[in-house]
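**Q** Listed below, chain by chain, are the residues.
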Amino acid sequence: MKGASVGAPAARSLLPPRQREKLRLLTKSAKKIWNQFRKNRAGMVGLGILVIFFTIAIFAPWLATHEDPNSTSWAAINPIYAPPSLKFLFGTDYLGRDVYSLTLMGSRASLIVGVVASVISMVLGTLIGVFSGYYGKITDEILMRFTDFFLVIPWLPLMIVFVMLLGASFTNVIIVIGITSWPSTSRIVRAQVMSIKEHTFIERARCVGASDTRIVAKHILPNVFPLIFANTILLIANAIFSESFLAFFGLGDTQVISWGTMLERAYNSGAFTSFAWWYILAPGGCILILIMAFYLIGDALDEILNPKLRRR
Amino acid sequence: MARDFRSYIARRLFYTLITIFLILTFNFLLFRVMPGDPFRIMVPKGADELTREHYMDHYGLDEPLIVQYFIYLGQTLTGHLGVSISKFPGSNVEDILGPYLENTMILAGLGTVLSIFVGIFLGRETAWRRGKMADRIGSAFFLVFYCMPTFLFALVLLMMFAHYIPEWPIRGSYGDEYFDLDLAGKLWDRTIHTALPLFALVIETIATFSIITRSSLIDVLTEEYMVTAVAKGLRGRQVLREHAMPNAMLPVVTVVAMNVGWIVSGSIMIEIIFSYRGLGVLTWDAVMAQDYPLVQAIFMLETVAVLIANFFADLMLFRLDPRLKI
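Just so you know, the sequences run in chain order A and B. Heads up: the first sequence at position 283 corresponds to 283 in the working numbering, and the numbers run straight through without jumps. Heads up: the second sequence at position 311 corresponds to 1311 in the working numbering, and the numbers run straight through without jumps.
One chain only, chain A, in its complex shape (with noise of 0.2 Å):
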């Protein structure tokens, strides 16, 4: 925080005057929301296992004890299925491969499908929602059937047949997923748009001659952003399980790491028969705790930014 409060004048000197008074309001704003955020004693938790986790993805291949954990000729070198041991913090697999090593790498995988698929659907959602709920009417009557016929469906078959019909590698889970979870957005989206389009702060920027962009992109979206901020948080949690789930059920990239592939390789080469307990809880238990992290975080943003409900 120090740092960034040295070097932050200096940069926001060169901008231009509007511009400065735009980023001290942003900053304002962040800041009100941190102060409370940071009281919010689950969310600082989920915050704190979020950084760890990201931090561990980051410096993963360094903090690997075992390198390139894909290679198979491990076997020839390791035991298979060996318990849990100083040299195997989290036992090894059943190919000698060490389950501790793997799960740090597979940690990528699972964040940049959480993060890039729920900015997919943040985008979809927000698009909709705010179309809908700014220009209301036939427009608003056709894009929420659209959304609640997409809420209606059951999204774990629509995105088995999604993956099916489009092939089942990387960025296709990435893309159906995000096509997949925009309507929950969508909907808070829209009803928050439709009662920020009633101040009269909108009006009197129409009566000034703006057009429907500049009141959205200037007037609207800053106000909802908090809003699809922290509805995104909960998304990622979603996507990060969608991703396990497609994954373990043999609809990922089998090429790439991630705690879905383990898992999936976990229950299909006999890690239940030989009760190798640390091959499925060392990736299942890093997606539970990272998805415990941002619901924790999802729900204390959510609990700032609709205050109205949990006063009491």
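Hints listed in this document are in silico derivations from the structure and should not be mistaken for laboratory results. Glycine included, each C-beta is placed from N, C-alpha and C at the ideal position. Do not rely on the hints blindly, as some may be mistaken.
[Unchecked claim] Over the 12 Å line for every Cβ pair with chain A, so calculated as not near, a few chain B residues:
id, residue
1, E1053
2, H1054
3, Y1069
4, L1077
5, L1101
6, L1114
7, L1183
8, T1228
9, E1242
10, G1266
11, S1267
[To be verified] Not the full set, but computed from the structure, chain A residues with beta-carbon under 8 Å of chain B:
id, residue
12, Y94
13, V119
14, F248
15, G270
16, I291
Go by the hints and put chain B onto chain A.
**A** Okay, now just chain B, sitting in the frame of chain A:
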């Protein structure tokens, strides 16, 4: 009021029918238009000329898309869901589905009922003991199981039982000698085979329902009319039962309604892991065998089932919420 209810049903029914129609359209387009070649999808691989002709006639594959669409609609509405191409080559899909559908309905039906009752009960008890030890432990459990992917919990359960209680049947929806058993034996066999998948299926929905019941009830319990109820001399439990619960139920019913679809999705995961012979396993087998007509039919069935469940949930919501009766 009775008339209101009737017109409400009519309106909901109308919307539901429109959505079913949309789903049929979507289902048609998904499998016909998206990947390009309908032959690859609707006709078995390596079929000879005669079989190809037969399939082409059946789906009208040489007709324009719009004609194919009406053929599809007509066939679906008259109960012809297509012909399996690789899982059960040549069989009509509607003849295959029966036993699978029955097994899934047992699992998903029991799962829904069980999670509603247990979930609401646990949510009520923890809310009533808000801040106490039981509530803290309970809430921590709810959080963990709410975040736990269903298939992951099923995996752990499977491993534990396979290792510690090897006698327990962990695969299939009934044992090998099922058809030689008498009624009581059959029932017991079913129960013991369904118990684990059912437990794995409901644990997450129980957590979801508990969380929503608890938070909704806590909101209600801090309302001023609760103080009034206590002040006029009602005993604690009576306040809970007669004043708090009815008002807390609305968000619960909404969440329950939204989760019906989730139970369908969840049962797919559970069925595959426990080799429980239901629609989930069939979906899975069909996907693996690239049996597109079969997948298409199951997908349609699952979606329509969710839709119908949502319709009934809406009716229940209408009964519970007087504000909807305007």
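**Q** Work down the list of hints and note, for each, if the structure agrees.
**A** Against the structure, the hints:
1. E1053: Fine: 25 Å to the nearest Cβ keeps B/E1053 off the interface.
2. H1054: 24 Å, holds
3. Y1069: With a cut-off of 12 Å, B/Y1069 remains clear of chain A, as the shortest Cβ separation is near 18 Å.
4. L1077: Correct as stated: the minimum Cβ-Cβ distance to chain A is 19 Å, above 12 Å.
5. L1101: Answer for B/L1101: holds, closest chain A Cβ roughly 14 Å.
6. L1114: 20 Å, holds
7. L1183: 33 Å, holds
8. T1228: Nearest chain A Cβ is 16 Å from B/T1228, so the label holds.
9. E1242: Answer for B/E1242: holds, closest chain A Cβ roughly 21 Å.
10. G1266: Non-interface label fails for B/G1266: nearest chain A Cβ at 8 Å, not farther than 12 Å.
11. S1267: 10 Å, violated
12. Y94: 15 Å, violated
13. V119: It is violated, given that the least Cβ distance between A/V119 and chain B is near 21 Å, above 8 Å.
14. F248: 6 Å, holds
15. G270: 11 Å, violated
16. I291: This hint holds: A/I291 lies near chain B, its Cβ roughly 5 Å from the closest one there, short of 8 Å.
The structure shown violates the earlier hints numbered 10, 11, 12, 13, 15.
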